[in-house]
Amino acid sequence: MIDAKIPEGNLADKWSNYKDSSKLINPANRKKLDIIVVGTGLAGSSCAATLAEQGYNVKSFCFQDSARRAHSVAAQGGVNAAKNYKNDGDSVYRMFYDTIKGGDFRSREANVYRLAECSMALIDQAVAQGVPFAREYAGYLSNRSFGGVQVSRTFYARGQTGQQLLLGAYQALMRQESLGKVKTYTRHEMLDLVLVDGKARGIIARNLETGEIERHAANAVVLATGGYGKVYYLSTLAMGCNTSAIWRAHKKGAFMSGVSWIQFHPTCLPQIGETQSKLTLMSESLRNDGRIWVPKKAGDDRVPNEIPEEERDYYLERRYPTFGNLSPRDISSRAAKERIDAGCGVGPMKNAVCLDFSKAIKEQGRNKIEEKYGNLFRMYEKINGVDAYKEPMLISPAAHFTMGGLWVDYNLMTTIPGLFALGEANFSDHGANRLGANSLLQSCVDGYFIAPYTIPNFLSAELKGAKVTADHPAFDEAEKLVREQLNRFLNVQGHLSADHFHKTLGKLLYDKCGLSRTKESLKQAIVEIKALKKSFDHDLKITGDDQVNSELEKAGRVSDFLELGELMCYDALQREESCGAHFREEFQTADGEAVRNDEDFCYVSAWEWMGEDSEPELHKEPLVFETVKLTVRSYK
Amino acid sequence: MKQTTLIYKLVMATSGLFLCFFLIIHLLGNLQLLSPPAVAREQFNWYSHLLSGNILIKIISYVLYLSIIAHAVYALIITRVNIKAQGSKYVYDKRGKVSSWNSRNMGVLGTIILIFLVIHFKDYWYIYKFGNLPLDVKGNKDLYSIVVSSFQQGWYVILYELSFIALGFHLLHGFFSAARTLGLYHRKYAAAIRVVGWIYSLAITLGFMLIPIFIYFNLNF
Amino acid sequence: MKLYLKIWRQEHRESKGDMVSYEVEGISEHMSFLEMLDLLNERLIKKGERVIEFDHDCREGICGACGMMINGRAHGPLSGTTTCQLHMRSFKDGETVYIEPFRAAAFPVLRDLKIDRSAFDHIIQSGGYVSASTGQAPESNSILIAHDTTEAAFDAAACIGCGACVATCKNSSAALFTSAKITHLVLLPQGKLESADRIIQMVNQMDEEGFGHCSNTEACEVECPQEISALHIGRMNYEYNKALLIRK
Numbered sequence: 001m002i003d004a005k006i007p008e009g010n011l012a013d014k015w016s017n018y019k020d021s022s023k024l025i026n027p028a029n030r031k032k033l034d035i036i037v038v039g040t041g042l043a044g045s046s047c048a049a050t051l052a053e054q055g056y057n058v059k060s061f062c063f064q065d066s067a068r069r070a071h072s073v074a075a076q077g078g079v080n081a082a083k084n085y086k087n088d089g090d091s092v093y094r095m096f097y098d099t100i101k102g103g104d105f106r107s108r109e110a111n112v113y114r115l116a117e118c119s120m121a122l123i124d125q126a127v128a129q130g131v132p133f134a135r136e137y138a139g140y141l142s143n144r145s146f147g148g149v150q151v152s153r154t155f156y157a158r159g160q161t162g163q164q165l166l167l168g169a170y171q172a173l174m175r176q177e178s179l180g181k182v183k184t185y186t187r188h189e190m191l192d193l194v195l196v197d198g199k200a201r202g203i204i205a206r207n208l209e210t211g212e213i214e215r216h217a218a219n220a221v222v223l224a225t226g227g228y229g230k231v232y233y234l235s236t237l238a239m240g241c242n243t244s245a246i247w248r249a250h251k252k253g254a255f256m257s258g259v260s261w262i263q264f265h266p267t268c269l270p271q272i273g274e275t276q277s278k279l280t281l282m283s284e285s286l287r288n289d290g291r292i293w294v295p296k297k298a299g300d301d302r303v304p305n306e307i308p309e310e311e312r313d314y315y316l317e318r319r320y321p322t323f324g325n326l327s328p329r330d331i332s333s334r335a336a337k338e339r340i341d342a343g344c345g346v347g348p349m350k351n352a353v354c355l356d357f358s359k360a361i362k363e364q365g366r367n368k369i370e371e372k373y374g375n376l377f378r379m380y381e382k383i384n385g386v387d388a389y390k391e392p393m394l395i396s397p398a399a400h401f402t403m404g405g406l407w408v409d410y411n412l413m414t415t416i417p418g419l420f421a422l423g424e425a426n427f428s429d430h431g432a433n434r435l436g437a438n439s440l441l442q443s444c445v446d447g448y449f450i451a452p453y454t455i456p457n458f459l460s461a462e463l464k465g466a467k468v469t470a471d472h473p474a475f476d477e478a479e480k481l482v483r484e485q486l487n488r489f490l491n492v493q494g495h496l497s498a499d500h501f502h503k504t505l506g507k508l509l510y511d512k513c514g515l516s517r518t519k520e521s522l523k524q525a526i527v528e529i530k531a532l533k534k535s536f537d538h539d540l541k542i543t544g545d546d547q548v549n550s551e552l553e554k555a556g557r558v559s560d561f562l563e564l565g566e567l568m569c570y571d572a573l574q575r576e577e578s579c580g581a582h583f584r585e586e587f588q589t590a591d592g593e594a595v596r597n598d599e600d601f602c603y604v605s606a607w608e609w610m611g612e613d614s615e616p617e618l619h620k621e622p623l624v625f626e627t628v629k630l631t632v633r634s635y636k
Numbered sequence: 001m002k003q004t005t006l007i008y009k010l011v012m013a014t015s016g017l018f019l020c021f022f023l024i025i026h027l028l029g030n031l032q033l034l035s036p037p038a039v040a041r042e043q044f045n046w047y048s049h050l051l052s053g054n055i056l057i058k059i060i061s062y063v064l065y066l067s068i069i070a071h072a073v074y075a076l077i078i079t080r081v082n083i084k085a086q087g088s089k090y091v092y093d094k095r096g097k098v099s100s101w102n103s104r105n106m107g108v109l110g111t112i113i114l115i116f117l118v119i120h121f122k123d124y125w126y127i128y129k130f131g132n133l134p135l136d137v138k139g140n141k142d143l144y145s146i147v148v149s150s151f152q153q154g155w156y157v158i159l160y161e162l163s164f165i166a167l168g169f170h171l172l173h174g175f176f177s178a179a180r181t182l183g184l185y186h187r188k189y190a191a192a193i194r195v196v197g198w199i200y201s202l203a204i205t206l207g208f209m210l211i212p213i214f215i216y217f218n219l220n221f
Numbered sequence: 001m002k003l004y005l006k007i008w009r010q011e012h013r014e015s016k017g018d019m020v021s022y023e024v025e026g027i028s029e030h031m032s033f034l035e036m037l038d039l040l041n042e043r044l045i046k047k048g049e050r051v052i053e054f055d056h057d058c059r060e061g062i063c064g065a066c067g068m069m070i071n072g073r074a075h076g077p078l079s080g081t082t083t084c085q086l087h088m089r090s091f092k093d094g095e096t097v098y099i100e101p102f103r104a105a106a107f108p109v110l111r112d113l114k115i116d117r118s119a120f121d122h123i124i125q126s127g128g129y130v131s132a133s134t135g136q137a138p139e140s141n142s143i144l145i146a147h148d149t150t151e152a153a154f155d156a157a158a159c160i161g162c163g164a165c166v167a168t169c170k171n172s173s174a175a176l177f178t179s180a181k182i183t184h185l186v187l188l189p190q191g192k193l194e195s196a197d198r199i200i201q202m203v204n205q206m207d208e209e210g211f212g213h214c215s216n217t218e219a220c221e222v223e224c225p226q227e228i229s230a231l232h233i234g235r236m237n238y239e240y241n242k243a244l245l246i247r248k
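Residue numbers (the working numbering), protein chains in the order written: chain W, 1 to 636; chain X, 1 to 221; chain L, 1 to 248.
No wet-lab data here; the hints were simulated from the structure. Each hint should be verified, as a subset may be incorrect.
[Stated by the list, open to error] Covered, in the sense of this in silico footprint (three residues per stretch, anywhere, with C-beta under 8 Å from a C-beta of chain L), are these stretches of chain X:
no.	region
1	27 to 37
2	207 to 219
[Said to hold, decoys possible] Simulated crosslink set (DSS-like; lysine-lysine; CA at most 27 Å straight-line):
no.	chain 1	residue 1	chain 2	residue 2
3	W	Lys-382	W	Lys-368
4	X	Lys-84	W	Lys-382
5	L	Lys-16	X	Lys-94
6	W	Lys-541	L	Lys-92
7	L	Lys-46	L	Lys-6
8	L	Lys-2	X	Lys-97
9	L	Lys-92	W	Lys-382
10	L	Lys-46	W	Lys-541
11	W	Lys-534	L	Lys-92
12	X	Lys-84	L	Lys-170
13	W	Lys-534	L	Lys-46
14	L	Lys-47	W	Lys-541
15	W	Lys-480	X	Lys-97
16	W	Lys-530	W	Lys-503
17	X	Lys-94	L	Lys-6
18	X	Lys-94	L	Lys-46
19	L	Lys-2	X	Lys-94
All C-beta atoms, glycine included, are put in the ideal place defined by N, C-alpha and C.
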């Protein structure tokens, strides 16, 4: 059994107790310690900057051409904090409870409480950095309600909250770079983790411009490389998002958890063609005024505006009268899929539902709607060439956020000592479903406020040992393997592109390990992925050289996605219950609601890599609920 | 002090604005040429004399020379830096679609104006200062006759008119650009300055353009 | 539809590049411009040729990674749009489309359409931040900021750092990029205290990176995907002039 190292004490005191008793490092000694941070999104930038402020030497890596482009930049909605500025009954406990319940009771109490507890400091920090959060006319911070909770605790900067928070963190990082405490390596991709005596001691990275394979040694390695939703190919994620860093760490011994818990965002633009590369997210806030419907009759070929009111099925309002169109993401997405599968989908590929503003426009006037969502309507028109003031928007669920990731303990340390995972790359706080506006929060809190305490706590014991350098034989070995893999990719000379495999895998996972899964579909998927992997090994074709070569980059990422996809299926197969984003069709009530099994599955699954040809091994971390009572999550 | 791009631009803006100011005085003086010939001759020659004697005017004229030189020299420096900053050229370039022609070609317009100034100085300023001019009845040098006789020639009028058009386009962008370089950023006042710039450029250009035409058509025959 | 593409191909930073012609058939008007390039690349792989390298990531107009000159315009024929948001319905069947990298001495070409924009990072490093280390922040509502001030700061802060302003500028000036950050931070009370030093340093850095002068043609404002106003450049000039006067 694995130990989450949760501190003693009452839930509310655990984090203070931890901080009070964690070990510190003398400022003079800090500059002797090197830390590698991979990823420059919110978690990575904030962690790297904060550690540098404390006096450590930080090396920061990202594959993009600038730290500012990490995909945190694309988050639209906002960031939650239990400030209770609205005086509407919010508190740390309430936020903790909403998050635990939203996650369908599949996350750790202590972690989630800490998340809520640190949320307020984050808003303070972001404001101090100059993040232009929305303000009331009197100059106070403004809040909105978001993602199926009953209080207004979401802070936002128009529809670009992620961008503004990231720029704050990026600027803090750039400041440390100018002070010489951080060295950033842009256009660098981590290709392997280096272990010395069982501890994470460095990475092998590829310079994506020159193709050089570089070795970097450190006293600790932090992975803040984001989620792997791009495994589905079509997703709301950026094209470069990948699993490679965490997957290669997994293959070196770090456990993976909640791997199949992937959130499908209900309000995305549907796929309209085979060459499509991206499913753009439309802010969830649209559901505040838009009504979702499909035709009552399956196979209705009329355009939405021609379908009369009485022949429309407002299925969310019908099934969930209390929350209606504002039901949580997993529920809304699943309900949409249920209708689409029943043949009621709209649009050229019959894969979408209508998001209709006609009633809101009638009641509030076009001006009001324009004021609230003008930029989104413009974006919709830019992409589709359709005026959504006149016709309903067509939306569809798309792979969005991965609750799963590297297993971490309360210190955010993986099962490899010295290897930390932050933000979406770890599994920790969202359970089986994430609430809106909690992902920005988690990344920031991990990076600004948690890792800068827990990493020094780990490093305090590392001062004594001899310093590991990049000359160590472990680096030779890792570099050799990395080079071999790259050469293999370049030399297969098959006939199919990396994208082909990626798209095939994505489609397969959407069908068999997507919004809903069955034992049958998952078993089938495992067989098919194995076959696809084999084909990848023989039929891949990469052109170009070993320098700037986006195809070579893709090949490495797709290779890891293939292995990850298989683990996702094992994870989904093993968990014989429906919880949060994980919906097993065998486990549902008569009216199609999820049935959770707390008796047998109230644990975190932690998978261990056992080698290419073996099945992964499952470890369990039981979830102990001392404070909350497990209830059925109902939004009816 | 380190010479940054913004300091170069400050030199351009302040010298440019001084030249703008000078153009007003120059135009006001020249408008005397529109009076009936007898009055015009006396007035204009008296005015020219005034401009060459007064100590205050002398200082202003030195500032003027300096401004012209600084404006031209810094334009050259800036152009050099800008060319270097461009790196390689676009093979297919349609960037012109998103900005006005004159704003992109201030250098060309400025060069035309500079060439014009050389001719202008040679024909009037140099002759007035160093040439042997007849005196008018008041004993002032008779610049008026020189002016009138030169504008009897059609090609000379055309040369002047074309130069004034170039000047007009130069002013149109230059005036607004100088205000921005000095730091005018308020949306409302920046818009107001644009209108003022239009009026100013139009008045100066049309005013100067009127004089040669007037002389050519009224005094030629 | 079918397009005739002329695309800049260049091997390395130092090598000489050239326009190469490609014919692409079977393009749907629903495709984004980058998906059209994906399609071409897919076919190049089939033929065993090296793919066209271009930067792209989020494909929803916010990361700022994509950026190319399309038919002589930064991010293509539409104003206020990134390359990834450009769709093929903006082109005609049988049209010839020229695709080049953003060009400026400060943005060297790495390969094909990929460029090095680290000069922007250097400008931010020179002062584009508020020096607030983690832990120093006061309670957020203790800093009151008027609604309109925040909105104005946001307008400037919305910059995605794509470099279209530099690419479309006849002088390759980074004035819009730099001034947007300066305005963002000077408007807010948090950023005011260090503003004089920040502005001098950022302007110096802008020069050091080899960007040109701003001629106020305002082309940058038209091509900026976030429609950031060129008035910020006026603001930068104002703050710079003020800093020159008051700085010791």
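Status of the hints after comparison with the structure:
no.: 1; hint: 27 to 37; result: violated (count 0)
no.: 2; hint: 207 to 219; result: violated (count 0)
no.: 3; hint: W:Lys-382 with W:Lys-368; result: holds (21 Å)
no.: 4; hint: X:Lys-84 with W:Lys-382; result: violated (37 Å)
no.: 5; hint: L:Lys-16 with X:Lys-94; result: holds (22 Å)
no.: 6; hint: W:Lys-541 with L:Lys-92; result: violated (33 Å)
no.: 7; hint: L:Lys-46 with L:Lys-6; result: holds (20 Å)
no.: 8; hint: L:Lys-2 with X:Lys-97; result: holds (26 Å)
no.: 9; hint: L:Lys-92 with W:Lys-382; result: holds (17 Å)
no.: 10; hint: L:Lys-46 with W:Lys-541; result: holds (8 Å)
no.: 11; hint: W:Lys-534 with L:Lys-92; result: violated (42 Å)
no.: 12; hint: X:Lys-84 with L:Lys-170; result: holds (11 Å)
no.: 13; hint: W:Lys-534 with L:Lys-46; result: holds (20 Å)
no.: 14; hint: L:Lys-47 with W:Lys-541; result: holds (10 Å)
no.: 15; hint: W:Lys-480 with X:Lys-97; result: violated (53 Å)
no.: 16; hint: W:Lys-530 with W:Lys-503; result: holds (15 Å)
no.: 17; hint: X:Lys-94 with L:Lys-6; result: holds (15 Å)
no.: 18; hint: X:Lys-94 with L:Lys-46; result: violated (33 Å)
no.: 19; hint: L:Lys-2 with X:Lys-94; result: holds (22 Å)
Hints 1, 2, 4, 6, 11, 15, 18, counting from the list given before, are not met by this structure.
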